[in-house]
Structures are given as C-alpha cells and as structure tokens.
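Put together the whole structure using the sequences plus the hints.
Number of protein chains: 4
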Amino acid sequence: MSPRADSRIGLGVLGCGRMGSAHARIIAGLVPEARLVALGDVQVDAAHRLAAELGGPRVHDSAEALAADPEVQAVLVAVSSSRHLDAVRAIAAAGKDILCEKPLALTLPETDAAIAAADAAGVRLQVAFMRRHDPDHRRAKERLASGALGRPIQFGSLQFDMEPPPVAFCDPAISGGIFVDMGIHEFDLARWLMDDEVTEVMAYGSTLSHPELATVGDVDSAVAILRFASGATGTVKLARDTTYGEDVRTEVLATGGSVWLGSLQAGHSAVSGPGSIASDFPDPAIPRFERAYAEQTRAFVRAIAAGEPVSVTGRDSRAALAIAIAADRSMREGRPVTIAEVAGA
Amino acid sequence: MSPRADSRIGLGVLGCGRMGSAHARIIAGLVPEARLVALGDVQVDAAHRLAAELGGPRVHDSAEALAADPEVQAVLVAVSSSRHLDAVRAIAAAGKDILCEKPLALTLPETDAAIAAADAAGVRLQVAFMRRHDPDHRRAKERLASGALGRPIQFGSLQFDMEPPPVAFCDPAISGGIFVDMGIHEFDLARWLMDDEVTEVMAYGSTLSHPELATVGDVDSAVAILRFASGATGTVKLARDTTYGEDVRTEVLATGGSVWLGSLQAGHSAVSGPGSIASDFPDPAIPRFERAYAEQTRAFVRAIAAGEPVSVTGRDSRAALAIAIAADRSMREGRPVTIAEVAGA
Amino acid sequence: MSPRADSRIGLGVLGCGRMGSAHARIIAGLVPEARLVALGDVQVDAAHRLAAELGGPRVHDSAEALAADPEVQAVLVAVSSSRHLDAVRAIAAAGKDILCEKPLALTLPETDAAIAAADAAGVRLQVAFMRRHDPDHRRAKERLASGALGRPIQFGSLQFDMEPPPVAFCDPAISGGIFVDMGIHEFDLARWLMDDEVTEVMAYGSTLSHPELATVGDVDSAVAILRFASGATGTVKLARDTTYGEDVRTEVLATGGSVWLGSLQAGHSAVSGPGSIASDFPDPAIPRFERAYAEQTRAFVRAIAAGEPVSVTGRDSRAALAIAIAADRSMREGRPVTIAEVAGA
Amino acid sequence: MSPRADSRIGLGVLGCGRMGSAHARIIAGLVPEARLVALGDVQVDAAHRLAAELGGPRVHDSAEALAADPEVQAVLVAVSSSRHLDAVRAIAAAGKDILCEKPLALTLPETDAAIAAADAAGVRLQVAFMRRHDPDHRRAKERLASGALGRPIQFGSLQFDMEPPPVAFCDPAISGGIFVDMGIHEFDLARWLMDDEVTEVMAYGSTLSHPELATVGDVDSAVAILRFASGATGTVKLARDTTYGEDVRTEVLATGGSVWLGSLQAGHSAVSGPGSIASDFPDPAIPRFERAYAEQTRAFVRAIAAGEPVSVTGRDSRAALAIAIAADRSMREGRPVTIAEVAGA
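Chains as they are written, first to last, in our numbering: chain A, 16 to 360; chain B, 16 to 360; chain C, 16 to 360; chain D, 16 to 360.
In short, the hints are calculated from the structure, not lab data. Incorrect hints may have been included.
Unchecked claim - Covered by chain A, according to a simulated footprint, are these stretches of chain C (three or more residues, beta-carbon under 8 Å):
hint, region
1, 43 to 49
2, 155 to 169
3, 284 to 292
Don't be surprised by glycine CBs; every beta carbon is placed ideally from N, CA and C.
Structure follows, in structure tokens:
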C-alpha cells in the first residue's frame, strides 16, 4: 500500500441523479486528491449502476448511512435543493465535512438552519458556486483584486440556458424561481468580483417564449439592476433558452480597465455561409464548467487535508439568496426592494 | 452643364463645430446625391476655414441667412441642442427641409414646438439617429422584422465612451444628463429594433470614476431596465469612459434567434502578449458611424428628391426623449417611472 | 456483479510517462465503456504510483507481461516512438488489439513491419491521430464530406507549440524531426479532410529562435506547400514555440464554402489594456484535445465491442509519415519531393 | 481667398474607371491636404460624369494634357497596368510628381524604364501599396520594427477575393497572373513587415473552382512558400473567390511575440443559428482599405509639401514584382526559383 493512497480524502456523493453522477465521474477522473468511496441515493438502483461504472464504491440508501460509512470523510450533497437541509443535518451530525450544491436552501430560514447545523457540529460547509473555481473567473477576480484595474464601477452578467427544465421543475416552490434557480450564480459573482455588497435590486420578467411557465408562477426571461454599497451599479440578464447554445457572460467595468468572461467567442470551429462566418457555439457535450467542478472539489478536499476553512461558505449562499429573493419580490411587486428588507439588517 | 449635376439636392450645414464639420466633409465626399452649397455659423471664421477646405461653399452668419440662400434646398442642423428649436423655426419658416442632430430638443415642450413648426410649414423634419442608417443595424432590423427570429423578448444595449466631455458640458441643463445625452440612442434602438414601445423604466447611476460630474448634477455611469408594452424587457448600460476604446453594443434575444451588434470583435489587428492575444479596438480615428452618417444624409436627400416623407421623425425623437427623461427621473427618485407619467398618455 | 460491468473492455496502458499517465487518467474518468485493468512500464515505480492514484490496476514490467494479463483485452501503447514496433509485436503476438500513439514508427520499413505484425496476428491496430476524434474536427469533416461546401481546393494547417521539448528529444533520430514529430498531425488532417492524397511537397525550415536545435539537425520553424492528386494545394506551418500559447489551426477553402478549426478565438476571458482587449489564450492546464483523447479510446473500445475494424489504421499512419519524410527531405535538399519517391508507388 | 486654400496640393487623377473614380472621391472627401483640380481619361464622357459629381474639376483627354494643366502639381495614375509606363513617362516629362497604382508595370524592364523616367525628370514616383498606409498595418510594422517582439521568423499572408474578375482580365498578358495581380500585395508586405528580402520561392496553383481560367493560362488558387535572406520563411495563399467575403489576413511569428492583421473577426453584426453564431463578414460596400487609400494619398501630398522623398518607391514595386514573377515561374516549372534568377543579382 502506497503512502500516497493513504493521503487521499475519502468522499461520498449523496444523490445519483444528473448532477450527482457528474460529480462522481469528475471525482473519479479529475480529482487526484480524493477517492470516491461511497454513493448514496434512496433509489439504490441508480446508485448501483453508477457504482458499477466507477470501479465499485459502496452504495448506501440514505444520507445517514452514507455519513456513517467509516471510509467517508466528507460528503458532496447533490440531492434536490428542497432536501439539502435534511442532508446537511444528517451529515453534520456524523461529524463529516460537507460540499453542498447551490443553493444551500430555497429560503433564508432553512439556509440559516443549515449553517447552524454545520456550525454546531464544527464541520466544514462549502457551497458549490463553481464559477468561483473556474480558472477564467479566478483570473478575472485576481485582476480586479490586484487593484491594477482601479475601482469597479459597473457589473454585468448574463445567463441564457439552452432550454428550460420541465415546467414542473420551474415551480418556484421547487426551483425558487428564475432568480434563485439561475440568477444566484450572477448574484454570487456580483458580490465576489465587485468585492462589495448589493443593497437594492429592481427587476422585470416576462413569459413570452414559454407561456406555460406562467401557470406555475415563473417567468422565462428576466432582467434586473443592482445597486451596491459603494454606489456601483450592475445588470443581470436571465433567459431560459436560446437557439444557439448555453451562454454565460460576465463583465466588470472598472475605472482603470475592464474584464470579460464569456462564451460568445469560445467556439473552436466555424463554417462559412453567404457573407458570414458561423462560429459553432461551445459544444454542450463538453460542459463549460467541468473543470470548475473538479477544481471546486479539489479546493474542498485540500482545505480538509490542510485543516483549513473552506473559501465559499454557507454565508455566501445566504447573501446571494437574499439578493435573488429581493429580485423575485421586486419583479412581482413592481418596485425596488432593498436587501435589508428581505434579509434583515 | 450635365443633367446629373442638376439633380443633386443643394444642402446647407448650420453649425461648423466638430459635428457640423464632420457632416460637411461627409456630404462632400460620401453623399453623391447632394451638393454642399452653403455653411452657416455665427462664428464666421470657423465657417470660412471649413469652406476653404471643401471647395468654397458660401458662408452665412445666421440660420435665417443660410435658410434664405436660394441654392439651399435643405439644411442639416448641427448647432448645440439648446439652439435646435430656434434653428428649426428659422429654417421651417423659409420652407426648407431639415435634418436635425439628436436630440431635437432637451425637453418635451421644446420638442413639440419644433415638430409643430415643421408641420405648420409643411417641411420635412428628420432627426439624426444615425445608427438606424448603419448597414449592420439595418441588417439586424431586417432580421428581426422578417419574423425569422420569432418574437423579441429581451433587449440589451450598451454605450461606453472613451472619455467624458468637459464637466461643464455634462451639466444636465446643457446635455440633458447622461440618459438624454448618451442613452437616447439606446432608447431609440429599443423602440426600433423591438418594434415596441417602452412603458416603464428603472435606473441607477453613480459617479465613481469622475466625482467632479456630481458637482453639475450628472453621473458617469448608469444602468436601466426597461419594460415594453408587449411584456418584453431590456437593459441599458452607459458609461462615460473606458480604457480600451469607444464601445457600442446592442443585442436582442428573440424566441427563435438572437442578433448582435457590437464593437468588441471589430478590430483588424492584434498582438500577442504572454498567454494572451490583445486585439486592438477599432481605431477611433476611423469613426465607427461615418458610413451611417453618410447613409443618413443620403436617405434624407433621397426622400426630398422622391417627394417622400422621411423615415426617422421628430416624433421618434420625442418618444426616445421621453424614455430618457423617465430614466433620469427614476435614477434621481429611486423608483420606477412610467413613460405615461413623463410624456402624457 | 452487474451485467454492465461485464460489458466493459479491459484495457492496459503500456508506458506510464507523460502521455501514458494522461491516457490512463482519461480512461478512468472519461471512457465509461472501458475498465483500466493494468499498467505496464519497465520503470515499475512510476507504474505503481500511477496505479495508486487510479484505484489499483495491476502493474507489469514489460509489454509481454502486460499483454499476457488475462483481464487485458486490448492495450494502449504510449512508450516512445522508437519502441512502438517491439511493443506492437509483443501485443499482437498475444492476440490483443492495439491502440498505438502516433507515429506508429519513425521509418516506413518499421511502420510496415508493425502493420504486418498486426495483420498476421489478426488484431486491430488503431493509430492515435486524436484530432480525428475531436468533435470540432469531426464536424468539419462531416461538412466537407457532405458535399454541401463543394469541392475542396486549398488546405491550410498550422501547429505552434508553446515551447520546444528538450534539445535531445528534438534529435531527428528520436523525434523524426519537426515534420514527423509535429507535422504528422497536419499531414493526416490534409488527407482526411481533403479526402485526397498528397503527391508532392516542398518545404523550408529555420533555426532562428532556438539555434541549439541545429546542433542535433532539427529546425524550430518550418513551412511547406502540398500538391494533392486532385490538383488541390495546401500549406503547413510549424513552430516550436509562441509567446501566447499552444496554437492549432486548420482551414479548408472549398468551392462552395470554407471550414475553420482553431484556437485563436477560443479563450473564455479577457482584460482591457489601453486601446485593446487582451483575450486570454485557452488555458494550457485544460488540454485542448483531452476530449478528443477520450473519444479516440471510446471509438477503439466500441469497435472491439462491436467486432468491427478500427477507423484510423496503420496505413493512415504510413501515409502521413510518408508525407512528413518527403517534407523533411525537401527541406534538406531544397527541391520538391514526390511522395512516390519516398513511399514507393 | 484664404491662405489655407493656397497650401493645398493640386492633384489630377488619370483614369476615371473603377479605381480612378474611387481615388477621386477619396481625394475630395478624405484628403484635406489636396485639391482635386483635374481628371483625365481618353473616354471623356466618363471623366465628365465624375467631374460633375465632384464639384467640377477640369477634364482632359490624355495624360499629356492632364500633366500640362498648370493647376496640376501631381498626378495619381489609375489607368490599366499595361499603360502605366506611358503615363509615367508623360507626367515625368512635364515635371510633375506621380502616385502610380500597383504594379508599376507587369514586367521588370518596363518597371525599370518607369523608374528611370522619373529619376531622369527628378520627380517623385510613389507606388500604391496601400496596405502600408492602413493604420492597422502601420501598427503591426511599428510593433515589429520596435524590436519588442524579437526577431521575425515566419511570415504568413492570405488574400481571398469574393469573386474573380472577368476571364479576359485574368489573362496573364493583362493581369500578370494571380501572383502579380493579387500576390504582389503579400510580397510587398513580406519585405516590409519582415524587414528582409525574399531570396527564393516555390509555388503551386490550381483551377478547381474556375476551370475557364485555364483557357487564358491563369489559376484560381495558389500557394507559395518563401525563403528570406535571414533564413526566415513564409507562406502566401491566394484564391479568386470565397463564399463569405473578401478575406485579407497577415501574421508574423517572431521570437518574442506575434502580430495578426485580418478580416476574419472584423464584422460588427451577428445572428444566431442553431448551435452557432454567424458573424457577418465586413460589409463589402464599406471598403476595407478606403482609409488606407486616403492615408496613402495624404502621405504623397505631404511629402510633396515638405519637399521630401516618398516612402514607397518604384524600387519597392520592382522588388515585389520580382518575387511575383519568380512565384509564377515556380508554379509553371514545378521547381523553386531564386529571386536572383528572375531579377538579376
């Protein structure tokens, strides 16, 4: 037995659906600092199929059982958002560290409860804002944080998906609504890249492309403007589908320079048409953020190995969620909403 | 004497400052359907210098004298915005057609008075939203208007200048404020590209890069969201300066496709740095919209030659101005403002 | 034991250096149709370290031992090119299928011997021209093969590395020289994308950036033009290092359209400088062709599972090698060289 | 009469076809240092039509008459290449400076005769390699000449037209063949950007898209490689038509950096398709090099005004022509051709 094998962190993945499977495969192939030792899902068949593909980690049928596995040192939680709190409580109770998919919960009280559970147990609780671990986003953050670009003055971020999830999933009771479900990434970037807090938001939404979403109370497209504590401003644009691909772009205008993050130019192939050149959008079969997911998990296990705190916390999730909830309320009530009104002072 | 020479429209240019000089040179070189026959400016020295460069058009020292010149069939007005109304009245009184720089006036009552003067005299009054005449913008309009891209659902437009004008010029009493001075182009595009009317706007602004602008009551950066009559939404982003160049971008997401207009990719040269490739921004010495200015004037003289109405009217200027004023009020009062509140029903 | 597990092909990897380790990790994480069951290297320590990281495949100290492992159904060969022939012979003798790194050998006689060994044993012999398996390249191939773009008339391909390998490695006795070592990818693409055979080549080279390469008889930069059997033409450009990143671009001009493949535009982030926007080159830590490597191995194991022949064969390697050898001879002798002269009729 | 008017150089344009008309319009609109005082063409009707459009310069029916016009201080020659020598002789005999379209002549003896005529008369003779005056190309030249990018090691340039001229025009007796007609720009850039001389060239050509060109002895597509005196190398790619627009690109790889010049990314508008974004190619109605033509004429008249020599001379045209002739001979004879063989030592 090699000393190197011993040093790897034993990870369990809770939830073997689309996101959980993706995380498990990434751990197996792209996270050399971790061993995938167990999978958990109430649907054990799905977990067994995934285990067979990935060289045979053990399978458990509950968060409790997974957390109790002695080889499991930490758990990546990828069940649906409404079940995050129960999962976090079970794993924290077993004294294991947690990397939880975003958002930590759909409401602020449940978010607070999850944070409290982790704090009480003294375990790490990292939230999966994976863009923070993407090399391009990190480079942008470093450029802004270095001061070389001066003071940030205007934030802009856009997320356009390729197609909406099933209508039932868009029910705000399940998804939290478009600002929680999609926009939470933009709101987290707003705080992180600007190194500032959002104080007020105003938003509009529409259901012009998928009117059926109105039946569950969601919109398919939305825009918001942000005011930051420093006086800086920002825009957020969301849409459930485009014709051309999954589009994720962020830019920050600062007094001494700008940074751009984006997918518009990222294609590797093109073909000419009459008078034009059609660039293929980045292949959706090669997920834009696969590497970011890997780096996120690596950051998590490295923090554990080093005995250090995690860098993206439950409090970050709470802050982004508060902005999303304020945006949702603004859209519904047609007025600007302060974060203080939603989140408490 | 050739029959072709006779068919050209005799144009006068009122105002021989930066914009007027640019227009006069473009008429001389890029508008074969027109002859530049006269220049007018109260500062006759400036007019004489420009005339000498351009082959000797006559020089007049007032709008009235220019309008009375028998060879002048129509006048391009390029004096400062606060003097537009007087100029329009004088030229309309002489029965000559008018192509007026944007905005037609800084207030809605003055805009109405200018429209009324032209209507009463039965002369054409075209307003210089030159982007509508830019070949790229026309192509985008045609793509949207054709229906091939489905229904427009989200508008976005951005204008970042290279550097702010002198502080005195930014005084809202002179410029109308950032939303009137810069944003009026975006608001005109919003109506034109979306083929829709804006009904409400909410805006934030800041003076983080040029605090001195606060002394005259303007901001150096601003964001706004728009609601359209159809339910569609939009964003507008403005800034007085960037480090990299003059940036003008517009995009429309529709149910069946998107269009982009923009300067980010338009450079023709690049140089490598360590790990990166630096694309030169389009050379500011080659104005982005020079061709649009020429096409605008060509559209104007062609309408005159054909005995047809102009395509971009005083009423278009009024509608865009109303949105700009609503945005300005929203920014100052911290609440959404309907266009009806500003413009009357 | 699940039926799914049984259906996976058991793979061994021979050679645990840089390329072999990369292949092994990709098999573990990105090739669900295969199981990594064994590693082989004469340096068993390296093999053991890699095995520990990848969940414990068995370790062997020779090609013969690896090929004899009963769980090994096929072997990926990633030892140095000069040892390919021996490896292919050993594995073929054991009746196992082979996926061999490019080039199959550095000389045409050794290439023929490797092909003969595989043919005699009746085993598959796939050569690792991974670009053929890259989704972007496949799309370009499909576009050209569909006939929609008419007849290909001009091929162009460029490969600029970030930095040269150690001088010793550039010794043509080891690397085959720049045209074999780097250009073989371009020559393979030339045949594949154009669906044509190269008949003649002329080349120039220089050692202006790394004069030390002259001491071993190689160049650091080279250009070549190609003539195809159809009359079509092409260019190939190679260089050992750039300042900005690893640049790989290919384009084909056809009578009815063009295709582009390239890295110049593929960055996801940018930062402004004075008058310019610097796009970060694709992060070298995220290998451009990682996905292509995975798809290549998947194509190999699927062919085995389906009982079908492989799509990229030893004969493809021979044809590309012949062009590379002709280019090298042309560069050294200063005259055009036909492929027939090098390869036999 | 203003002193400024006096200081402008009086220009005549010889040849009122497509190129001559474009030059005349550019002088009128974009060259403030010059006055267009006369036009010359054996077809006086064409000259009169152009004169009427441009405010009435005088019309002459021969080079001699134009050159004799006392207001004409210098002449821009835009008649067909085969008539350049006669025009240069006539204008030089009248002691007027000359800006001649490229190439100065189709053969080296005629080129030498034109240079000799200008030298004997002591007049300036500038040749219209307009790319040297394009702001982007000038920037690239400055970057290379500054030494900041190290030593140039590989040149590449490409010119793909939108559609071929009429077959009759492609007759090498009239056009000089594809390498003279199109490639002369690339060969001039090769010398200028690399600050080096080409010593040998090898070329291939084909007539796969326009077989009718074979009837007059030309090709529709061609590639060449270049060897420079320094040892550096280069590629040139030419084609008579593309589906997507007029494509002009140049790049230089140097030891410390690279420069790119190109049209691939220069469009200002785009539209989405399924899975792709189609960038409109730069509008051919807005000529890529209009500004370069203006700057070229400005450089010419400024040199006259300052009493200085011109920067792009007949000898530059001779050097580029010699490379083009060598490329043509190489293509026809299937062997590398040295410039010394063509041009004399």
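Structure versus earlier hints - violations, ascending order: No numbers; nothing is violated.
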